[in-house]
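S.K.: Just so you know, the protein sequences line up as chains A and B, in that order.
Here the numbering used here is used: the first residue of the first sequence is 1, the next is one more, and so on.
Here the numbering used here is used: the first residue of the second sequence is 454, the next is one more, and so on.
Check before you lean on any hint, since a few could be wrong.
[Claimed, not checked] Label-pair ranges, simulated between beta-carbon atoms:
no., chain 1, residue 1, chain 2, residue 2, range
1, A, Q424, B, Q519, 49 to 59 Å
2, A, S260, B, A813, 50 to 60 Å
3, A, S260, B, S551, 52 to 62 Å
4, B, K744, A, Q25, 35 to 45 Å
5, B, T681, A, Q431, 47 to 57 Å
6, B, Q885, A, P292, 46 to 56 Å
7, B, G661, A, K152, 37 to 47 Å
8, A, Q66, B, G831, 56 to 66 Å
9, B, K744, A, S260, 57 to 67 Å
10, B, Q519, A, G436, 25 to 35 Å
11, B, Q772, A, N287, 45 to 55 Å
12, B, G735, A, E99, 25 to 35 Å
Quick caveat, the hints were computed from the structure, so don't treat them as lab data.
Ideal Cβ placement from N, Cα and C applies to all residues, glycine included.
There are 2 protein chains.
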Amino acid sequence: MNKASRLFWPVLVTPKNAVVKQTEQLSRSQKLLTELGLIKSGSNGTYQLLPIAQRALDKCINLVQQNMQIAGGQKISLPVLTPTQLWKKTGRLEGDISEFYMVRDRSGKQFLMSPTHEEAVTAMLASTAPISYRQLPLRLYQIGPKFRDELKSRFGLMRAKEFLMKDMYTFDVSESTAKESYAAVSAAYERFFAQLEVPYVKVQAATGIMGGSLSHEYHYVSAVGEDTLLQCSQCGYAGNLEVLDTETQTCPSCQSTSLSQVRGVEVAHTFLLGDKYSKPLGATYLNNAGKPDALTMGCFGIGLTRVIAAALEVQSTEQQLRWPKLLAPYDVCLIGAKQGSKEQLKTEQLELQLLEQLSAICGAQELLHDERKELTIGKRLMDAKRLGHPLIIVVGAKAPKLELHMCGEEPQELELPEVLRMVQAHVEHKQQLLQGTIKTKEQDLQQRLGHVH
Amino acid sequence: MNKASRLFWPVLVTPKNAVVKQTEQLSRSQKLLTELGLIKSGSNGTYQLLPIAQRALDKCINLVQQNMQIAGGQKISLPVLTPTQLWKKTGRLEGDISEFYMVRDRSGKQFLMSPTHEEAVTAMLASTAPISYRQLPLRLYQIGPKFRDELKSRFGLMRAKEFLMKDMYTFDVSESTAKESYAAVSAAYERFFAQLEVPYVKVQAATGIMGGSLSHEYHYVSAVGEDTLLQCSQCGYAGNLEVLDTETQTCPSCQSTSLSQVRGVEVAHTFLLGDKYSKPLGATYLNNAGKPDALTMGCFGIGLTRVIAAALEVQSTEQQLRWPKLLAPYDVCLIGAKQGSKEQLKTEQLELQLLEQLSAICGAQELLHDERKELTIGKRLMDAKRLGHPLIIVVGAKAPKLELHMCGEEPQELELPEVLRMVQAHVEHKQQLLQGTIKTKEQDLQQRLGHVH
Chain A
1 MNKASRLFWP VLVTPKNAVV KQTEQLSRSQ KLLTELGLIK SGSNGTYQLL PIAQRALDKC
61 INLVQQNMQI AGGQKISLPV LTPTQLWKKT GRLEGDISEF YMVRDRSGKQ FLMSPTHEEA
121 VTAMLASTAP ISYRQLPLRL YQIGPKFRDE LKSRFGLMRA KEFLMKDMYT FDVSESTAKE
181 SYAAVSAAYE RFFAQLEVPY VKVQAATGIM GGSLSHEYHY VSAVGEDTLL QCSQCGYAGN
241 LEVLDTETQT CPSCQSTSLS QVRGVEVAHT FLLGDKYSKP LGATYLNNAG KPDALTMGCF
301 GIGLTRVIAA ALEVQSTEQQ LRWPKLLAPY DVCLIGAKQG SKEQLKTEQL ELQLLEQLSA
361 ICGAQELLHD ERKELTIGKR LMDAKRLGHP LIIVVGAKAP KLELHMCGEE PQELELPEVL
421 RMVQAHVEHK QQLLQGTIKT KEQDLQQRLG HVH
Chain B
454 MNKASRLFWP VLVTPKNAVV KQTEQLSRSQ KLLTELGLIK SGSNGTYQLL PIAQRALDKC
514 INLVQQNMQI AGGQKISLPV LTPTQLWKKT GRLEGDISEF YMVRDRSGKQ FLMSPTHEEA
574 VTAMLASTAP ISYRQLPLRL YQIGPKFRDE LKSRFGLMRA KEFLMKDMYT FDVSESTAKE
634 SYAAVSAAYE RFFAQLEVPY VKVQAATGIM GGSLSHEYHY VSAVGEDTLL QCSQCGYAGN
694 LEVLDTETQT CPSCQSTSLS QVRGVEVAHT FLLGDKYSKP LGATYLNNAG KPDALTMGCF
754 GIGLTRVIAA ALEVQSTEQQ LRWPKLLAPY DVCLIGAKQG SKEQLKTEQL ELQLLEQLSA
814 ICGAQELLHD ERKELTIGKR LMDAKRLGHP LIIVVGAKAP KLELHMCGEE PQELELPEVL
874 RMVQAHVEHK QQLLQGTIKT KEQDLQQRLG HVH
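With the rest of the complex left out, here is chain A:
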């Protein structure tokens, strides 16, 4: 069980009447995460994740991994340091390289602090004996830090210079089988985003510096988004404006004029790469005639720290965090009577009983016990609401009735068995999400509209 009194959670204390020099515009998620002591700024554009945020991140990692395994992914780890010579071979050091962190080792050899790993993974395959066509498709993924020296790093975890990413690379015998890999990984992405229950938009996107022939982005719609998306309410088409004529008045898919523009935060991106990397780096497989052929590749990224921040950005209120259920740091927060209050003695037994029963239902790790009894229930309830726990249970003046606060809903006074049922229902809902058996409103809508593939 987790005790609030032991939890490292350094709430930002701004003295009353203090003149706060606002040096940058903060987004809602950034403001809440910082004020509540979930993240801290390390240096410009880098962030420290503190225990509560780390719990959400670990849940996000597990969820993504589950979906990568379903998509046939095999996990690997590639070094942060990639020799720049590999990037010279693919021509990616020829354009604007101001976003790259470059470093030299003691012998003078130059490395990139990898912003992405196409070169590294392709060179790794090129340096093994060519694998047989029978071993393909090959789908490798990793989870690790990425580095981009952004000109405009901002909004906290939403555009940080150092961030955590899941990147997958697929290898196939041909364009047509590569498209099957693309479809399989895309299905895993859609499953993941559906599990988060945050409405997302999948759009046709530009291939840009990454290259290749086909690309999609996954966006959360938010005013702080840096992309402009065009959506057609007739056929469900959606595209990033950068792939379209900015003067577009009619839908490129159904020619209707029912187009609207929204701002989006890109949280994932997929590319069909073809042989853009395998050719110059010489990554081949042996075809059924025993001859080497260039591998056809795809790459697929999810910004893990970004997706958490963007989900919070979209869902939170000005004062309270709102988590996707599967990412909430704890399922339940339990608050008992204040020390010395007239309820304390009366309710202590009930509180202990509840702790035990809740642990049995949701697991001790999912239970946060706010036993800071030197604080009033009101103060602790405010903290709990700001942190956005899906279920907050108060054992107080109304005992044996309990007060149940479900995130975003009016509080209810309930008997203990009813409260336990609600917790049970929450756990079951999570279970269904994990198994992918819930169809969300969003999924439903997207299915009705038939979205871009």
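Chain B: place on chain A using the hints.
M.R.: Below, chain B without anything else, positioned relative to chain A:
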């Protein structure tokens, strides 16, 4: 279930009669891991972990985390990039800095690719409102890549320039409570090393560049170790030679002359740091009089990639890997008859039945099915033995009897129920290790000798 035919596992093929230019001396673990396609060298001193090795690493991470939680640890993430200005304040840029990777961002600001995080974590605490003495001890840990531009990077994962580490930092009100934290984390370390069942030596060590007043190292004894350890067979004292007079003839603890020297690979290190970092960086807490006082710190590291390689180095044979049970990539490998062999039809039903029953006992994820039926049983058995699976089951010519190969033991011919019992016993043994209820020979010995604290 995991299928061997789909597993990315690029065995190093060296053509017969090829002249191999041996540019560096390879250690046993490095040679086996490389030849078997578990790791690949990225550039000098950096390594790519491929799927089988990654599974062992993930198990190691989980095991360490479990022990960190028991020691009251809270998980966080600190950026790889630490501003060098923080290291200037603690004086750690004044000595030999040739091992540091330094990088500048677009504004010219300089960063270290952190080789360790004392400065970063201390500065983080210094920049929050001082926490109350009631919130201490505080024990924070993280798992992430570390960077050291070693002059002599060698032996693969044992001394890599980029490696994965678990680092914990503890914060206390005084030297005496800091010693309690030190004891609690040390106990977690001993539990972890006991769970790996690889004999280890805990020695008194030098504090070196890290500073502080007390330090211990955990070593695996190996000829390729870079440290010389002195052990006393009388009283159990053990020390790193670097803290002793090299001419030492008598035990510093019991004055006996029963001293012997061994070579050790350092796999973990603990330090009581005092206020070496909290003073210059201004990290304080509020004492019971409400006044700020410097925090007393400790730091504790386990080289995760290194501990795996070192365990393999110590336990493996020239030809076969030997894993700690809790880190073995799979518990069981199942090999069926060759396609077209006279046994195939007869045994297919048995193989399917076994797959189902094994999955039920050890979990589908822990089962590797080598269904490469185009290969002989002999060839696949050799692969399986080289990979060092704890249990290998062959369904072949002796059906309905099965052949069970337990790692390092003579094969046995057994009936199906007996085989299932052996697998069940293995799973139970792992469970007991996880719960810490097994006392290993090593633990027993150390307890008898009473080792250094």
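S.K.: Would you say the C-beta atoms of S260(A) and S551(B) sit inside 52 to 62 Å of each other?
M.R.: Holds: the Cβ-Cβ distance is about 58 Å, inside 52 to 62 Å.
S.K.: Can the suggested window of 47 to 57 Å be confirmed for the beta-carbon pair T681(B) and Q431(A)?
M.R.: holds (55 Å)
S.K.: Can you let me know if the beta-carbon spacing of G735(B) and E99(A) is within 25 to 35 Å?
M.R.: Holds - the Cβ-Cβ distance for G735(B) and E99(A), about 34 Å, lies within 25 to 35 Å.
S.K.: Okay, K744(B) versus S260(A) on CB: inside 57 to 67 Å?
M.R.: Holds - the Cβ-Cβ distance for K744(B) and S260(A), about 60 Å, lies within 57 to 67 Å.
S.K.: Is the hinted range of 45 to 55 Å satisfied by the C-beta distance from Q772(B) to N287(A)?
M.R.: For Q772(B) and N287(A) the Cβ distance comes to about 33 Å; the hint is violated.
S.K.: Is 49 to 59 Å respected by the C-beta to C-beta distance linking Q424(A) and Q519(B)?
M.R.: violated (27 Å)
S.K.: Is 37 to 47 Å a correct range for the gap between the Cβ atoms of G661(B) and K152(A)?
M.R.: holds (42 Å)
S.K.: Mind checking the hinted window 25 to 35 Å against the Cβ distance between Q519(B) and G436(A)?
M.R.: holds (28 Å)
S.K.: Look at the Cβ atoms of Q66(A) and G831(B) and judge whether their distance stays inside 56 to 66 Å.
M.R.: violated (37 Å)
S.K.: Is the distance from the Cβ of Q885(B) to the Cβ of P292(A) consistent with 46 to 56 Å?
M.R.: holds (50 Å)
S.K.: Falls inside 35 to 45 Å, the C-beta gap from K744(B) to Q25(A)?
M.R.: holds (37 Å)
S.K.: Can you let me know if the beta-carbon spacing of S260(A) and A813(B) is within 50 to 60 Å?
M.R.: holds (53 Å)
Consistency note: the structure conflicts with the earlier hints numbered 1, 8 and 11.
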